[in-house]
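Between the sequences and the hints, there should be enough to build the whole structure, so can you do that?
Residue numbers (the working numbering), protein chains in the order written: chain Z, 1 to 502; chain B, 503 to 1030.
Since the hints were derived computationally from the structure, they do not count as laboratory data. Yeah, the Cβ is synthetic: ideal placement off N, Cα and C, and Gly gets one too. Treat the hints with care, since some could be wrong.
Chain B regions said to be covered by chain Z (calculated; three or more residues, Cβ under 8 Å) [unchecked claim]:
1) 652-662
2) 674-680
3) 691-700
If you want the footprint, here are the derived chain Z segments under chain B, 3+ residues with CB under 8 Å [to be verified]:
4) 428-439
5) 481-491
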Amino acid sequence: MMANTNLYQSLSLIVPEIVLTVVLLVLVLTDLIFHKDKKLIPYVALAGILLTGYFILNQFGEKGFAFQPALYTYGMVAIDSFGVFFKMIVVVATIFIIFFSFGSEEIIKIKDRIGEYYALIFGMVLGMFFMISATDLILIYLSMELMSLSSYVLSGFTKLRERNSEAALKYLLYGAISSGLMLFGISLIYGLTGSTNLYVINSLIQNPHINLFTVAFASILIFAGIGYKISSAPFHFWTPDVYEGAPITITAFLSVASKAAGFALLIRFIRTTFISYADANGMWQMINVFDWKTLLIAISILTMTLGNFSALWQNNMKRMLAYSSIAHAGYLLLGLVVLSNQGLLAILIYFSVYLIMNLGAFLVVMLIANKIGSEDIHDYNGLGITSPFLGVSLAIFLVSLTGLPPTAGFIGKLYLFIALVDAKMIAVAVIALLNSVVSLYYYIRVLKHMFLTKPEKETQTITTSLPNTILVSVLVAAILVFGIYFAPLVDAATSCLVMLGL
Amino acid sequence: MIGFPILSLITFLPVLGMFLILFMKKEQPKSIKYLTLGITALQVVLAVILLANYNYASAGIYEEKSFKFIEKFRWINISGISWLGTVKVDYFLGIDGLSMPMVLLTALISFIAAISSWTIEKSVKGYFALFLLLDAGMMGVFVSLDFFLFYIFWELMLLPMYFLIGIWGGPRKEYAAIKFFIYTLFGSVFILLVMIGLYFSATELMADGSKVHTFSLLALMNPANYSADGILSALNPNNLRLIAYIALFAGFAIKIPMFPFHTWLPDAHVEAPTPISVILAGVLLKMGTYGILRVSYPIFPDITRELMWYIGLFGMINIVYGALVALAQKDFKKLIAYSSVSHMGYVLLGMASLTTVGINGAIFQMFNHGTITAMLFLIVGVVYDRAHTRGLNDFGGLASQMPVYTGFVTVAFFAAIGLPSMSGFVSEALVFIGAFGVSSIRVLTLISTLGILLGAGYMLWTLQRIFFGPLNEKWATLKDLDKREYAMFIPLTIIIIFLGVYPSGMLDIMNSSVNSLVNFVTSLAPIH
Chain Z
1 MMANTNLYQS LSLIVPEIVL TVVLLVLVLT DLIFHKDKKL IPYVALAGIL
51 LTGYFILNQF GEKGFAFQPA LYTYGMVAID SFGVFFKMIV VVATIFIIFF
101 SFGSEEIIKI KDRIGEYYAL IFGMVLGMFF MISATDLILI YLSMELMSLS
151 SYVLSGFTKL RERNSEAALK YLLYGAISSG LMLFGISLIY GLTGSTNLYV
201 INSLIQNPHI NLFTVAFASI LIFAGIGYKI SSAPFHFWTP DVYEGAPITI
251 TAFLSVASKA AGFALLIRFI RTTFISYADA NGMWQMINVF DWKTLLIAIS
301 ILTMTLGNFS ALWQNNMKRM LAYSSIAHAG YLLLGLVVLS NQGLLAILIY
351 FSVYLIMNLG AFLVVMLIAN KIGSEDIHDY NGLGITSPFL GVSLAIFLVS
401 LTGLPPTAGF IGKLYLFIAL VDAKMIAVAV IALLNSVVSL YYYIRVLKHM
451 FLTKPEKETQ TITTSLPNTI LVSVLVAAIL VFGIYFAPLV DAATSCLVML
501 GL
Chain B
503 MIGFPILSLI TFLPVLGMFL ILFMKKEQPK SIKYLTLGIT ALQVVLAVIL
553 LANYNYASAG IYEEKSFKFI EKFRWINISG ISWLGTVKVD YFLGIDGLSM
603 PMVLLTALIS FIAAISSWTI EKSVKGYFAL FLLLDAGMMG VFVSLDFFLF
653 YIFWELMLLP MYFLIGIWGG PRKEYAAIKF FIYTLFGSVF ILLVMIGLYF
703 SATELMADGS KVHTFSLLAL MNPANYSADG ILSALNPNNL RLIAYIALFA
753 GFAIKIPMFP FHTWLPDAHV EAPTPISVIL AGVLLKMGTY GILRVSYPIF
803 PDITRELMWY IGLFGMINIV YGALVALAQK DFKKLIAYSS VSHMGYVLLG
853 MASLTTVGIN GAIFQMFNHG TITAMLFLIV GVVYDRAHTR GLNDFGGLAS
903 QMPVYTGFVT VAFFAAIGLP SMSGFVSEAL VFIGAFGVSS IRVLTLISTL
953 GILLGAGYML WTLQRIFFGP LNEKWATLKD LDKREYAMFI PLTIIIIFLG
1003 VYPSGMLDIM NSSVNSLVNF VTSLAPIH
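So, in structure tokens, the structure goes:
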């Protein structure tokens, strides 16, 4: 039985999630009450997410478990600075997405249903928060479903184009299969250990008589579910279609926030379940039941290579960015492959940078699509000359995605490679570096069309409203500042890990 | 020496100029051009001030206190976790006899290229902003003493160069630009990997007694700083130093460009506008050989000694192959591009000798090649601007039509051939003297002398085809040089002849550093 004090303590630990739920309800109510004039709703959403962010920052440095079955045992929800970091990534992404939605033509067209739009986004965020914190297989599954169901609806939300519905349907079908696989994996683990708590499972699978095959099989099945969320190969096939079909704001949100939640879950799942301890050099010692390292190396190399090579032939900007985000999932997996604190640090840094540059790239693509109504690379011809502000900004984001100095993208890559070299995985580092040379080709291709190719027809200057100009400038400035002076970024990431006791 | 941060000024002055240009109106192309000219002129003045205050006895190389104009402060400092250790990156600039000639060259060539850019009319604002960014990147490479900083400057040049070729270039500019970009990025990712490997293999002793991983080139040169288990530490029996050396060398060799990595060069040169060709040949190619001398040689002296024969071999291939291909060219600019490949071979050969004479010759050749080839590309630019063709067989008899131009051409061609009393002669002679004295590469040196013969062949043949014989009537209206073109050719001609007559003017600057470098690389137990 759960003691009352325990319940009270648990609830106090999940204040941000409670705030989110309340905001979600307020959004629905505002939608019902002010159904004539819905201008208020985005501001309610913005205030709500800022409030949530405030409560998350308050949790920085806290460490504990909510919903423990009994005192001094492990609970279902872990509150720690690792979670705080990823939740902040989600919150920042959400804030940007709300700003994006102000300026997106696609979203303005559906302003009658804007209440549902924001309510669903908050549903996604709630799911992500629990994904980031969950230490229990049941909660992991439930939170993933909460996030997924909201995102299926959102990806087909505007219903403006056929592509929209196609995206939603594809997303749903793939999602249903992978969550089915995952559930099967969970049931096997439960059958084997009699528990759904990751910490309990961790101690039980150290038993030498454990059935290794079942553990391996179940691990792969669970990875299939998470791998689908972070769009790692071979579970990435939905990504380009969904990214292309969904409204741009949702695409940007999926590519950053959804991926962050997926990565947080994957890292926590592996680290809690399969690692016995970290040694003095920060190397994680695996329990000898399943060779995660080999699997992850193979998956990450496959993911980045497939992503990069497929991106080479894309003419649709959203599709190209979809493949590029697959490739980036591959790079991010490298940070997990090394199974060390150093690698974890690299992931945190890379994610912060990825958040800025990917959102920036999607924002510019959205602003351009608002005006020219196209995401085709050939319609970008000469755009850099006629609209230098957008052209140069997009160029900076893409150069950062390539990982060239002096942009923040370089710092993200640098820390990844530092982690790889530290773990003496030189061959993997070489493959990853060659991959980034490949990626240069398709990123630079956009620059080529924008600056080098002459447009076939006269194109007029694309003007941007003041708020959007500020938004783009903030992101560009962040990319350049963190590229030259990256100490604050690394400090923030390290302090999260220090708080985690690493 | 903490004083006036003159090296930061000379490096970031162009960046300041770039920002000024971004705020200028594009309707005033003249003022943008004058601003760029002013910035590059100021850089030349600063470079001369540097030279005037330079201590010729400064050895530099591995010894921090004998560098001049040092600026060093902590740029990135992250500490706090035991398993991470302290991460520090220094903003560390300084000059020794290796970099002084290159700084002079960069300032001079940028100034000349700015004059040559006067004819640019398309998107003037963008052109000059990128031009100045490129300038800053080049200068930064030559003054950095921290590997991280060096790498940032190294990469900083890629993007401006891509656009300068890709927007203002010739018919196949897009192909040439992307080829240049991918080739060099391919090279630099290996540099990055070696940089990280070195970072983990060595530590630097801090003032408070702690040992901290470092990117400082000087600390990386000291074998005492390496830990026994570092992957690039000579103390580790399973070290990867040989592979790392080859990877690093390949990264630099692409820039030189060394056979077989040279194929991007002719494309880039042919498509690039004249001023960018001038910068490419004049400064950019030197960064490859400079990187080898500054980074590879002193950090990996053991491997350098092992591989010197191969370096000499590639030098020889570059010399002979470049010259042979040049002979077969029908395009004036392509011919100069391949002659460039051939002449950079002399630098490699001189470096392979590991003798003071040879390396002095190599660095002097880097400077001379910078000035001479810059002049050759300007020469191509002049005739192309007027005739809109570069075919070697399309001309004839221009000497009577453009006598002054022909005069400058003759000086440049003879300098490129290596005629005594021209600067090219001295550096090539030093390279051969240095290399011939080393028995292991004597045969390579002998074969390399073919390059001089072939060089005289293609240069004189070109001179004859374009300037002598009966005047092609089509070109009877071509005008001789104007004042702006005089301004480009005269300083270069003076420098070429001055250094041909008085080579000590340049050799004295580098001599003590080269001595120190050679001692450091060849002595088995380096002095510390």
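Verification of the supplied hints:
no.: 1; hint: 652-662; verdict: holds (count 6)
no.: 2; hint: 674-680; verdict: holds (count 4)
no.: 3; hint: 691-700; verdict: holds (count 6)
no.: 4; hint: 428-439; verdict: holds (count 6)
no.: 5; hint: 481-491; verdict: holds (count 5)
In the structure shown, no violation is registered for any of the earlier numbered hints.
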